Amino acid sequence: MSFTRSAGVLLHPSSLPGGQGIGDFGAAARQFLDYLRRAKQTLWQVLPLGAVNDSGSPYQTFSSFAGNPLFIALDDLVAAGLLRDEDLRHAPGNGARADFAAARNFKMPRLRQAFDLFRRGATGAAAANFQRFKEAEKFWLDDYALFAAARERFGGKPWWRWDDADLAKHSPDAVKHWTAELADAGEFVKWTQFVFYAQWLGLKKRANDAGIKIIGDIPIYPAHDSADVWAAPEFFAVSRATGEAQFVAGCPPDYFCADGQLWGNPVYDWEAVKKDNYRWWAMRLRGALRQTDILRLDHFRGFEAYWATPGTEKTARNGKWVRGPGAEFFTAMKREIGDDLPLIAEDLGAITPAVNQLRDECGFPGMKVLQFAFGDGANFYRPHAYATNSVVYTGTHDNDTTRGWYAGGADYANIGRDVFAQERDLCRRYLATDGRNIHWDLIRAALASVAVFAIYPLQDILGLGNDCRMNRPGLGEGNWTWRLTADQLANAEVNYLRELTELFDRAG
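Going by our numbering, the letters in the sequence shown line up with residues 5 to 512, in that order.
Any given hint might turn out to be false.
[Said to hold, decoys possible] Derived pair list, reagent style SDA-like, types lysine to any residue, alpha-carbon separation capped at 25 Å:
| id | residue 1 | residue 2 |
| --- | --- | --- |
| 1 | K324 | C261 |
| 2 | K142 | A95 |
| 3 | K44 | D297 |
| 4 | K173 | W144 |
| 5 | K209 | K318 |
| 6 | K173 | E191 |
| 7 | K278 | S243 |
| 8 | K209 | D79 |
| 9 | K338 | A358 |
| 10 | K44 | D58 |
| 11 | K318 | G160 |
| 12 | K142 | R321 |
| 13 | K209 | A292 |
| 14 | K278 | R294 |
| 15 | K142 | I341 |
| 16 | K44 | S61 |
| 17 | K209 | P387 |
| 18 | K324 | A354 |
| 19 | K324 | A391 |
| 20 | K161 | L266 |
[Claimed, not checked] Between beta-carbon pairs, the in silico distance windows are:
| id | residue 1 | residue 2 | range |
| --- | --- | --- | --- |
| 21 | P256 | V423 | 36 to 42 Å |
| 22 | G159 | D188 | 40 to 46 Å |
| 23 | A425 | A494 | 22 to 28 Å |
| 24 | T8 | G128 | 52 to 58 Å |
| 25 | A132 | T437 | 58 to 64 Å |
Derived by calculation from the structure, the hints in this document are not laboratory data. Predicted, not measured: the structure shown is a model, and the values here were computed from it. By construction, the Cβ of each residue, glycine as well, lies at the ideal position given by its N, Cα and C atoms.
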């Protein structure tokens with residue numbers, strides 16, 4: 005697909021101010037869109053929007069299709085007459101950290117309260133819209149509603165450990181029985197999805213009307229404990245008898261991690277997916293593209309070859325490379341969805357010529373991260389070496405903030421003092437800077453580059469340090485919790501960002 009030279013900001017909705025415990029799709033999201041408009045930014049990149057556990061990781065969601073009900077703006081339900089102002093008293097604080105558990109404990113009972121009122125009074129257009137939604141999304145919504153309701157009934161256990169073994173195996177008779185048994189809970193789940201989609205698609209329309217496109221993010225693998233794997237285990241490397249993962253995804257050992265990485269997601273049985281003409285994946289992409297305008301395809305290299313480790317292993321050391329579906333997969337997606345797939349290939353890390361060939365054959369832009377540009381052998385991350393069909397980032401959600409990176413961050417411990425000093429010296433010489441405003445130096449370099457998109461986390465616009473980093477890969481706790489304050493959003497630099505964006509012909 006041919007993209008237009010543009011610029012934008014990476015900010016997940018959970019990081020917005022306001023809401024109850026985490027950011028949501030309400031007033032602060034609308035204010036952020038106004039900020040983007042005034043700064044002439046025409047892209048808003050978000051992380052996956054699916055329902056998460058209390059860790060908050062958007063890459064371990066309970067469904068590839070369902071949205072996170074914690075993003076629903078309760079204030080907007082007050083405006084719709086489904087809640088009262090007093091219902092929102094004693095809400096969790098809106099500090100500098102998202103609290104997913106507190107948000108869930110506060111919001112879910114109030115969503116249930118709003119649902120009960122909706123159900124008692126829903127007539128005419130409201131009832132018809134809900135019914136149309138259920139019919140249109142039936143192919144995933146029925147399974148997800150039962151999955152979510154059953155998971156709650158069975159004490160939050162993963163599906164392969166549910167008390168009813170037949171339901172764990174998605175037996176048709178068990179599905180029929182439990183759908184009736186949990187009908188009320190399932191209907192509530194469906195309603196929260198109805199409200200999620202109504203609010204998010206309304207926000208997306210507001211963005212599109214202002215000339216702003218939404219860049220979403222689709223993980224290559226669903227979580228093991230997800231409605232996706234539970235309802236269609238034949239497409240994944242899981243035991244039909246026990247539901248346990250036979251092979252899990254991850255990364256091999258490398259310079260930064262001697263044991264490699266185990267992600268816990270079961271890998272695909274690509275032969276089974278292929279025999280079904282890749283229809284499950286086509287539905288997944290269609291669903292994701294309904295929520296967004298453009299998609300970042302996470303772990304693109306896994307479509308060429310992926311690292312698979314036996315599910316019984318404690319590290320990724322004993323994994324192996326396995327060939328992925330390659331170009332055939334994307335040919336099938338284009339056949340099902342259309343030739344102009346609006347995808348960005350996340351091609352970071354240990355990339356081989358075969359991965360680059362697949363990306364170029366498909367015509368997808370790859371990613372360039374400026375924080376990677378100044379190490380030994382990293383010339384291809386420097387702006388003078390970019391192809392136009394690429395997307396440049398100062399950093400991503402997995403990196404230090406730019407100020408944190410320049411000050412040392414993870415690099416200092418990994419590469420040592422001398423190499424660190426050499427890289428920062430090259431950075432200063434390359435950017436002709438003394439480093440005092442390094443975040444703006446990297447933003448300017450991104451905007452000036454030939455890459456079709458230039459994107460930067462909001463933390464870099466604000467010049468924040470590593471205490472505001474979003475994720476530290478490999479650490480199981482303390483991630484995904486950074487939040488923007490209302491004052492920071494109000495005072496975020498608009499004029500200079502607009503000036504640079506216009507200067508480098510990215511104003512749209």
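Kindly indicate which numbered hints from before are broken by the structure, ordering the numbers from low to high.
2, 5, 10, 12, 16, 17, 19, 21, 22, 23, 24
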